[in-house]
Amino acid sequence: MDTLWQDLRHAARLLRRSPGFTTAAVVTLALGMGANTAMFSVVHAVMLRPLPYAEPDRLVRVRGGSSFPDLQDWVAQARSFDGLGAYRSHFLDLTGGAAAERVDGALVTGDLFRVLGARAERGRLLEARDDRPGGPKLIVLSHGFWQRRLGGDAGVVGRTVRFSTGEYEVVGVMPAGFSLPEVEAEAWAPLVPESPEEASARGAHSLMAVGRLRPGTSLPAAQEDMDAIAARLSAAHPEENKDRRFVLNPLHQFLVRDVRGALLLLLGAVAFVLLIAATNVANLLLARAAARRKEIAIRASLGASRARLVRQLLAESVLLAVVGGAAGLVVANWITDLVVTMSPAGVPGIDLVRLDPRVLAFTAAVSVLTGLVFGLVPGLHGSRVSLVPSLKEGGRATGAPARQRLRSALVVSQVALALVLLVGAGLLLRSLQRLQSVDPGFDPARLVTFNLTPPMARYGDIPRRTRLFEDVLTRVVALPGVTAVGATSELPFGMGSLFHNFVIDGRPPLEPGREPEIYSRSVSPSYLSTLGLSVLRGRALSPDDRAESPRVAVINEAAARQHFPGEDPIGRRIAWARAPERVWITVVGIVGDVRAQELAEEEVPALYTPMAQELRAWKTWMNVAVRTAEAPEGLAAAVRREVAAVDADIPVTKVRAMDDLITASVAPRRFNLLLLGGFAALALVLAGVGLHGVISYAVAQRTQEMGVRVALGAAPRDVVRLVLGQGLALTLGGVALGAAAALGLTRFLSTMLFGVRATDPATFIGVALLLVAVAALACYRPARRAARVDPLVALRGD
Amino acid sequence: MIQIRNLEKAYEQGGGKVFVLRRINVDVNEGDFVSIMGPSGAGKSTLLHVLGMHDSAWTGEYTLAGQPVHKMGRKERMELQKKNIGFVFQSYHLLDDLTVYENLEIPLSYRDVKKSERQSIVADVLDRFQIVGKKDLYPSQLSGGQQQLVAVARAVVASPKLILADEPTGNLHSEQGREIMQLFRKLNQEGTTIVQVTHSEVNATYGHRIIKLRDGWVVD
Numbered sequence: 003m004d005t006l007w008q009d010l011r012h013a014a015r016l017l018r019r020s021p022g023f024t025t026a027a028v029v030t031l032a033l034g035m036g037a038n039t040a041m042f043s044v045v046h047a048v049m050l051r052p053l054p055y056a057e058p059d060r061l062v063r064v065r066g067g068s069s070f071p072d073l074q075d076w077v078a079q080a081r082s083f084d085g086l087g088a089y090r091s092h093f094l095d096l097t098g099g100a101a102a103e104r105v106d107g108a109l110v111t112g113d114l115f116r117v118l119g120a121r122a123e124r125g126r127l128l129e130a131r132d133d134r135p136g137g138p139k140l141i142v143l144s145h146g147f148w149q150r151r152l153g154g155d156a157g158v159v160g161r162t163v164r165f166s167t168g169e170y171e172v173v174g175v176m177p178a179g180f181s182l183p184e185v186e187a188e189a190w191a192p193l194v195p196e197s198p199e200e201a202s203a204r205g206a207h208s209l210m211a212v213g214r215l216r217p218g219t220s221l222p223a224a225q226e227d228m229d230a231i232a233a234r235l236s237a238a239h240p241e242e243n244k245d246r247r248f249v250l251n252p253l254h255q256f257l258v259r260d261v262r263g264a265l266l267l268l269l270g271a272v273a274f275v276l277l278i279a280a281t282n283v284a285n286l287l288l289a290r291a292a293a294r295r296k297e298i299a300i301r302a303s304l305g306a307s308r309a310r311l312v313r314q315l316l317a318e319s320v321l322l323a324v325v326g327g328a329a330g331l332v333v334a335n336w337i338t339d340l341v342v343t344m345s346p347a348g349v350p351g352i353d354l355v356r357l358d359p360r361v362l363a364f365t366a367a368v369s370v371l372t373g374l375v376f377g378l379v380p381g382l383h384g385s386r387v388s389l390v391p392s393l394k395e396g397g398r399a400t401g402a403p404a405r406q407r408l409r410s411a412l413v414v415s416q417v418a419l420a421l422v423l424l425v426g427a428g429l430l431l432r433s434l435q436r437l438q439s440v441d442p443g444f445d446p447a448r449l450v451t452f453n454l455t456p457p458m459a460r461y462g463d464i465p466r467r468t469r470l471f472e473d474v475l476t477r478v479v480a481l482p483g484v485t486a487v488g489a490t491s492e493l494p495f496g497m498g499s500l501f502h503n504f505v506i507d508g509r510p511p512l513e514p515g516r517e518p519e520i521y522s523r524s525v526s527p528s529y530l531s532t533l534g535l536s537v538l539r540g541r542a543l544s545p546d547d548r549a550e551s552p553r554v555a556v557i558n559e560a561a562a563r564q565h566f567p568g569e570d571p572i573g574r575r576i577a578w579a580r581a582p583e584r585v586w587i588t589v590v591g592i593v594g595d596v597r598a599q600e601l602a603e604e605e606v607p608a609l610y611t612p613m614a615q616e617l618r619a620w621k622t623w624m625n626v627a628v629r630t631a632e633a634p635e636g637l638a639a640a641v642r643r644e645v646a647a648v649d650a651d652i653p654v655t656k657v658r659a660m661d662d663l664i665t666a667s668v669a670p671r672r673f674n675l676l677l678l679g680g681f682a683a684l685a686l687v688l689a690g691v692g693l694h695g696v697i698s699y700a701v702a703q704r705t706q707e708m709g710v711r712v713a714l715g716a717a718p719r720d721v722v723r724l725v726l727g728q729g730l731a732l733t734l735g736g737v738a739l740g741a742a743a744a745l746g747l748t749r750f751l752s753t754m755l756f757g758v759r760a761t762d763p764a765t766f767i768g769v770a771l772l773l774v775a776v777a778a779l780a781c782y783r784p785a786r787r788a789a790r791v792d793p794l795v796a797l798r799g800d
Numbered sequence: 069m070i071q072i073r074n075l076e077k078a079y080e081q082g083g084g085k086v087f088v089l090r091r092i093n094v095d096v097n098e099g100d101f102v103s104i105m106g107p108s109g110a111g112k113s114t115l116l117h118v119l120g121m122h123d124s125a126w127t128g129e130y131t132l133a134g135q136p137v138h139k140m141g142r143k144e145r146m147e148l149q150k151k152n153i154g155f156v157f158q159s160y161h162l163l164d165d166l167t168v169y170e171n172l173e174i175p176l177s178y179r180d181v182k183k184s185e186r187q188s189i190v191a192d193v194l195d196r197f198q199i200v201g202k203k204d205l206y207p208s209q210l211s212g213g214q215q216q217l218v219a220v221a222r223a224v225v226a227s228p229k230l231i232l233a234d235e236p237t238g239n240l241h242s243e244q245g246r247e248i249m250q251l252f253r254k255l256n257q258e259g260t261t262i263v264q265v266t267h268s269e270v271n272a273t274y275g276h277r278i279i280k281l282r283d284g285w286v287v288d
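Chains G and A, in that order, are what the protein sequence lines are. First residue of the first sequence? That's 3 in this note's numbering, and the numbers climb one at a time after it. First residue of the second sequence? That's 69 in this note's numbering, and the numbers climb one at a time after it.
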């Protein structure tokens, strides 16, 4: 042990005495290790850290959501669970001020907190008895809400808080940091159906459901249990539940489903960066080993065994890697800050990204491993010395061809790794370019949107609600600079939307549950023109389409194509399949498609109905789109004033420019691109530095040869060509190897691509040319140096 | 101590063989102080490296301390070398990044001597060679003579029976050279067998006998 300590001490001193070498190696490793530490800290926070609930491994999420009747049946029939709870987000509007203010809240079944294993900081949690229809209005507050709005009042339990939906009695306060899966909320109230219709609407899967498996119950066993229930419900309620399966996912796995692929991809990318960085250091170590041939020979002559020599060299590489890892923590800190800042909304656990002890342990382990693996080859090579020539007086360091071959091979592999990363980044870049050139179907410029959600209690009456929206639209369109205003229940690039089953008049009846689906948007007459959607056939909706007029609708091209192929849809009638009574709606026009959620998604069949003819009392919300003549500065405040003038208790929320909504919709792709692009750029620089190092070393080794060549009449350009040729040969080898690897690996990217194939030749060629250009740049300096060799000096040095 | 029979060493060159050592037969007894002399290229250093087991590409028989080196594998040779031989080189070959103390300690460390024991042996050698005051200096901070003194100290630190010295005074001026040779004589008188390669007739007089080499042959 003490000899190991001795090796480490000597290694530390050697590194201190070679500051140039040590700095180069440490900086290189710090970049590679920092990128890895940062990505691991993200993966750890998002995917590996246990969810902040009791025994989180027993929690499962029912995929696809639940309705009230389904939930009741699960609770009654399932045998695999200790409990099942459900919840959904719900805005709570604080009233009483000059303008209403919205608080993010959630409605939860009484059992949910118990299912999650949560505990209250003060008072009590909601319980099973609390979610009866007609029960008292109770609320549990977040720690933040209690502190911020109630001043941390010690007597908060039992107090009442006034929201637009009534006065709520505070029964408890949750500890700081508590949140439900997927739903950010500051207050939780009991979940009860808003209407008898909702209580019985088996097809309205608006609830998020979470279950806690009984101890010892496996996921497959629980799934079997749910499948049996699903089969019973399918038979009993074919209209809503025909062939409907309730798929269980481990809760954690469900929450990270959208980011898992990208994070693993980026983790793979940084592993490549580390490989390249470590290869650079291995190359430096090999060069250094050549320079230390004599020292190694002396050690061997003093009795050092090969193993001891390897250990000595490994001690140096491990020490370098550990110092590199420590320096990498600084780099990691920058990168994690950047990742957290840039990460798209909704990445679970991203706010928990820290360089915590587990991450530090990871860095330490990777550092030691890197030092061992990448020190081993130079160690084995360096420890194999021929004693006699090395110890002979004036012994000249002969170029070891095997070592030079190894260094060349390392550079080839670096170039190959860099090419794989660059191809990945190139494909993502082209995807994003293609995506951003997609026409969303409307003009997003100078279009500002906001949301109004009047409380059900006061605006459950549809005509009253319609008047409210019309009043708001009338006032907003009169604002200076506003050229058009329209309202819609579902905005492009806004929240998710609901499909409805419908029937077409004159078509043979279909089996319940098999009717076609259409995406329904309730809009003001001015909405389509505000967005700039042109009417392709028939007419647009008009202010004359009132509640008492014949019911009409405009469909989009996708609906015309899919549901009326080869027919003229104008004049055809449709009706909602699940409506309590059949109300026929006549199609009066066809408008162009818009991208509804993402630029990458083709528009689905959609139907626009006049908001005055809305049939769904529960659909109280409306999004308003405002088109302005100039950049919409100060519009939000003006809009708030106008809305408050109509009803001061309705908050104006989600004020966003449409351009921003579209930008946000591509944010995950941009995030992946920026990170992968950044890592690929780093890889490119490191590979360039590696190539530069190897070529410089080779030139130094061949100084005499260059001198002879110049003495024999070689022109500087001949020497430059010779050196560049050597570098480019290595590069092309790496490009060929990397292209083959990329062809195999880029398919893992295919789900992230848009409008470009994973084997896109233009990307491959472009990236290869970029690498060759960087390689030429990296080789140019050593080539120039070789060309300037003075034959006299070079030959005298012999 | 050393018996060599029909030892030959050759290089392959241009389809033929170039002999560096030819049919060498040498005996060195325990307690001998032998000087190998001859013109440049005669094979002196090569013979010394063969004796020191730095070179294993030779034929013939070589017995050291009763052990047949020619029948041994690499590891056994290394063990035999570690146990019996200390080296002194013309250009000292101290490890530049280690202090004097550490340069003396390293051969012991390679022989797995315990730390406490190493400390006491090194302290003893520092004392014997009167270089205690220099123990924390690096080789670059010493004169040539001092460096060679440390090199000799390093050669004897593991108490070898045999010291092989390759032109040990070649890089020293005459006074420093004389001191080193006197040191060798003293070590020899204390029982250490010494084989040195030298060009210097004066240095050869410190030894008991001379082996002369020319073109790879022993010529005396």
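Derived from the structure by calculation, the hints contain no laboratory data. All residues carry an ideal CB built from backbone N, CA and C; glycine is no exception. Each hint should be verified, as a subset may be incorrect.
BS3-like cross-link-like pairs, simulated, lysine-lysine; straight-line CA separation at most 25 Å [what the hints assert, rightly or not]:
1) A:Lys229 x A:Lys280
2) A:Lys203 x G:Lys621
3) A:Lys280 x G:Lys296
4) G:Lys244 x A:Lys280
5) A:Lys183 x A:Lys203
6) A:Lys202 x G:Lys296
7) G:Lys621 x G:Lys656
8) A:Lys143 x G:Lys296
9) A:Lys202 x A:Lys183
10) A:Lys139 x A:Lys182
Stretch by stretch, here's where chain A covers chain G in the computed footprint (C-beta under 8 Å, at least three residues) [what the hints assert, rightly or not]:
11) 15-26
12) 288-301
Checked hints:
With a C-alpha separation of about 23 Å, the suggested pairing of lysine 229 (chain A) with lysine 280 (chain A) holds against the 25 Å cut-off. Restraint check for lysine 203 (chain A) and lysine 621 (chain G): not satisfied, since their Cα atoms lie roughly 89 Å apart, outside the 25 Å limit. About 29 Å separates the Cα atoms of lysine 280 (chain A) and lysine 296 (chain G), which puts this hinted pair outside 25 Å; it is violated. The suggested pairing of lysine 244 (chain G) with lysine 280 (chain A) is violated, with an alpha-carbon distance near 106 Å, which exceeds 25 Å.
Our distance criterion of 25 Å between C-alpha atoms is met by lysine 183 (chain A) and lysine 203 (chain A), whose separation comes to about 17 Å. Between lysine 202 (chain A) and lysine 296 (chain G) the alpha-carbon distance is near 24 Å, which keeps this suggested pair within the 25 Å criterion. Distance restraint check for lysine 621 (chain G) and lysine 656 (chain G): the Cα-Cα separation of roughly 17 Å lies within the 25 Å cut-off, and the hinted pair is therefore satisfied. At roughly 21 Å between alpha-carbon atoms, lysine 143 (chain A) and lysine 296 (chain G) fall within 25 Å of each other, so this suggested pair holds.
Between lysine 202 (chain A) and lysine 183 (chain A) the CA atoms are separated by roughly 20 Å; this keeps the pair inside 25 Å, and the hint holds. About 31 Å separates the Cα atoms of lysine 139 (chain A) and lysine 182 (chain A), which puts this hinted pair outside 25 Å; it is violated. Judged by the Cβ-Cβ criterion of 8 Å, the segment 15-26 of chain G is covered by chain A as claimed, because 3 of its residues qualify and three suffice. Counting residues of the segment 288-301 of chain G whose beta-carbon sits less than 8 Å from any beta-carbon of chain A gives 4, enough to reach three: the coverage restraint holds.
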